[in-house]
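2 protein chains.
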Amino acid sequence: MKRTNYCADVTAALLSTKQTLCGWVNSYRNHGGVLFIDLRDRSGICQIVVEPSRPFFKEASAVRSEYVLEVTGIVQRRIEGAVNKNMKTGEIELVAEDFKVLNTSVQLPFEVENSFGVSEETRLKYRYLDLRNPRMFANLYLRHRIAQAARRYLDANGFIEVETPILTRSTPEGARDYLVPSRVHHGEFYALPQSPQMFKQTLMASGIDRYFQLARCFRDEDLRADRQPEHTQIDMEMSFVTIDDIHTIVEGLMTEIFKTAGKELKTPFIKLPFEEAMEKYGSDKPDLRYRLELKNASDVFAQTGFKVFADVLAGKGAIYALRGEKAGAYSRGQMDKLTELVKKNGAKGLVWLKVKADSVEGPAAKFFTAQELTAVKELVGAQNGDGIFIGSDLNKRTVQNFMGALRKELVKELPKQCDWAFAWITNFPLLEYIAEEDRWDAAHNPFTAPVEEDLPNLEKDPGSVRSYQFDLVLNGNELASGSVRNCRREVQERILALMKHSKEEAARRFGMLLNALEAGAPPHGGIGLGLDRITALLAGEDSIREVIAFPKTAQAVCPLTDSPNVVDEQQLTDLGITLIQEK
Amino acid sequence: MKRTNYCADVTAALLSTKQTLCGWVNSYRNHGGVLFIDLRDRSGICQIVVEPSRPFFKEASAVRSEYVLEVTGIVQRRIEGAVNKNMKTGEIELVAEDFKVLNTSVQLPFEVENSFGVSEETRLKYRYLDLRNPRMFANLYLRHRIAQAARRYLDANGFIEVETPILTRSTPEGARDYLVPSRVHHGEFYALPQSPQMFKQTLMASGIDRYFQLARCFRDEDLRADRQPEHTQIDMEMSFVTIDDIHTIVEGLMTEIFKTAGKELKTPFIKLPFEEAMEKYGSDKPDLRYRLELKNASDVFAQTGFKVFADVLAGKGAIYALRGEKAGAYSRGQMDKLTELVKKNGAKGLVWLKVKADSVEGPAAKFFTAQELTAVKELVGAQNGDGIFIGSDLNKRTVQNFMGALRKELVKELPKQCDWAFAWITNFPLLEYIAEEDRWDAAHNPFTAPVEEDLPNLEKDPGSVRSYQFDLVLNGNELASGSVRNCRREVQERILALMKHSKEEAARRFGMLLNALEAGAPPHGGIGLGLDRITALLAGEDSIREVIAFPKTAQAVCPLTDSPNVVDEQQLTDLGITLIQEK
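The listed protein sequences correspond, in order, to chains A and B. Sequential numbering of the first sequence, starting at 37, is according to this note's numbering. Sequential numbering of the second sequence, starting at 37, is according to this note's numbering.
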């Protein structure tokens, strides 16, 4: 290797030394007969000077953007006026003594430094160009460091990395499986795992004690904005633990990950019971960087003459109010937009009021007594110039949900109390009732254990049974979901029965796990953290596609490789399958 | 977490302290009214004592193999006669003060410590039981340590771990692809990658500079004894490097990996040109722990009257001889077996001789002159009591191959010169001619660069062009294959043209890579090392299945999950495919 340094490492400390750099032509200009080339590699940029007297001057003058060069030269200080204080190498330049074009480049559809200005389709199609943008390299490098920090921490804490199969059998977790036809066994299929859930629990039954894996997971979903067909999970499972043990390990892990990104975290994270999260923030993944809280206003309107609220309260529904800081100045148009927002989230309407110096006004103000208006103003802590938003519904969860959506919108105008607000959401119910199918379903994960003392009520009152399920949320994002699992086959089978899986079907779909549970499975629990989302948050990127080297579009297409794509008829024949002719 | 220690960490250093252990009942016995339980976790075994006076004595007496326990007790010294010096915890026992059965176990089909005595099918079906065997845990733990050491080393050397897609487009590397039908785009398919080759080269074009990944690779092959549908590769690629740079990095990597297994390596590894390997060992992955070498005997038999050899030499064929140490004592049956072996490897026959004190004998001895017999004996260095094996064929490669197979058999009787014999096999030809298809094919990898000075002969004399391809072999196993790649589209297209890919087909199959090459790809090269094989060798296991948590059988089946398996008709309909009805 002739290269002696990365471009950005050639600083004034190396003055007068000979260095060899390799990289790409970021830009070039001829200035008074002297050629200046900004040479770029993953570290940054170094300025190359080619004097007209050099034998390679003509060759150097012919370089164009993105040509690949190897340049040997002497590090010298730039002349006074040419120093760039904003650049690591801004004090020096490399005066070329040897110059080689290692490769040329065709003309390209966009400039590396402008790649964020072109369409995503174009960026993905020319991803090799897009990834040369320093912002993209920084994202991938951050992801690398996060992955190494995670492994280092888990290794140091006695976790063992075990690879679980990609070609396996369907893990029934709600989404569709990607299927892989077997050539050797016609008519049979492998499935790509939606998560290593059953394997990691089996590893606990195998006495591995502490397992982790940066696991690729696959979900054939109708793609929403920021979902990918494959994503990576920091996946772990531990034996002989309580919820608190898992929380402590994950808090240490997040601390290490944040440290690698230069950020300090305070632990332990707060624990917020699910019901409290819904009551205060109208969300099971509240953004706790903001103080704003929903207020239950049922008491305020207990005697109200406003028919909508009165009916709601008579029907044991709920009324919540939110302060809208400075929303007293919102236009009718803004208020209509907020009303639209809550309607999209299940509301039938939204009452809004504006707080003035001596009064509370608004189209609905006339329905309320002065006492009610004062009480609701005090309840939410509204000041002169603020707005008040009041929502109601016969179903408490519905009003929590749409007022939570409103809160999410309102906090955009508020000051952040901190940069990183973590919380454990705990005390989820084990099961929820699916009315249309007359059965219970796992509120989160069918393998989560019920709280031990609620076990006797499992069949009597399934909805009342609490679980050892928890989520980790950060700034309004769900980062991870975990639980303590069922370690007894009998309990697992009772839960599956409530979910209306027959014994036969349970054995067919979950057989491996059920067999492992009855063969001496230890108490165990675990969690899976979304690596893509964690990286995107730390990189300050809105989309996880910015932290994945080769992502797919929302249509599950890779424009770079043009996949998926048609295959030879013979390949399908070999697999014993054929296409259905569509009309 | 109540547990204070792993079982095997409770040694005499902890005498008189209170400890809580969790684990599995490895064995139990009632000895004079006192109950002894060997409790096992991943660390090893600790002896638990339950005295008859304890309130939990009855519960403890009911435990059976593989029950899961949590025991708190006081560490005490065993009585004199009960000390077991072969056990880490052999001096102590834990006298139970608190005792809890955390889970029971049904009766199991084999005992953990006897798992290697049952059929592989049974072991894989009850893998959760099989993995409790300390030998299996040691294998997985070794694999974990190797993976961490590899990443640590590569990270320290500036490599960045980048995840490449699993759902992608076919990489045409000889084997069949596993296909995944797209639900969103009916009639189109993703393919699982046979390796990340094209992606890692694209990452070099993206300026990543140094990439690595512990990458899952998929090959839908007709399974041979020790192949798996999916395997893991320590995959890497570097920019601006020569072959020697890659070798140095990999030698450092192997040194670290071996260190983690407590073994010291000497570097640099020897470099053995492909032709020399074939000439001396009859193999491109010779087992260099043994000194035995093939000897070219063409000169010895230049004037021979033995028609077979004379015809071979007249036809520009080759004759090779091998010493068979102490093979003078082999029976006729043994000689017949060796003859069968070479025939299976392409030989028409095998001449064997036995060296006596004053003569060289054997069925074919009468065809040779005394001078020839003496010369061949000296050539191979045979002593009284040895055998001599001579093979010939009109095709030199054929005789090298079958004599190489014979060497592999003969060395089994020889003393090893060292435990770990690494070598780089270098100077492979770029292309080899496929007579049946009248075209050239890549001898290894279609992306390997030709040696620069041979480039002008690429079309004139393709067979003469050398390549920057190399293999890493260890003890007769190919661990890795690597090369410096083509970084110019024009050269890559010329090679693909010799392989009879039309420009259109090349663009269709290799488009992403060709486009990346012409967009300013740097010179680059890399390698992929088989993690499964490396781990198996260091674990002393013959089969890679012993170092994979959940392997598949030779029929590509997982007996634990019973995959592959049938799926619902509806799932296929959703994917736009249907099964071909077989007659």
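Careful, some of the hints might be misleading.
If chains are identical, the list can't say which one is meant, so a pair holds when it fits in one copy or spans any two.
Within a straight-line C-alpha distance of at most 30 angstroms, the following computed BS3-like cross-link-like pairs (lysine-lysine) qualify [said to hold, decoys possible]:
1. Lys-307 <-> Lys-352
2. Lys-362 <-> Lys-496
3. Lys-496 <-> Lys-54
4. Lys-536 <-> Lys-452
5. Lys-54 <-> Lys-413
6. Lys-536 <-> Lys-444
7. Lys-343 <-> Lys-302
8. Lys-302 <-> Lys-38
9. Lys-321 <-> Lys-539
10. Lys-536 <-> Lys-161
11. Lys-295 <-> Lys-384
12. Lys-379 <-> Lys-121
13. Lys-343 <-> Lys-38
14. Lys-496 <-> Lys-136
15. Lys-343 <-> Lys-536
16. Lys-94 <-> Lys-452
Hints listed in this document are in silico derivations from the structure and should not be mistaken for laboratory results. Quick caveat, the model's predicted, so the values are computed rather than measured.
Any hints this thing doesn't respect? Which numbers, in order?
Failing hints, ascending: 2, 3, 4, 5, 6, 7, 9, 11, 12, 13, 15, 16.
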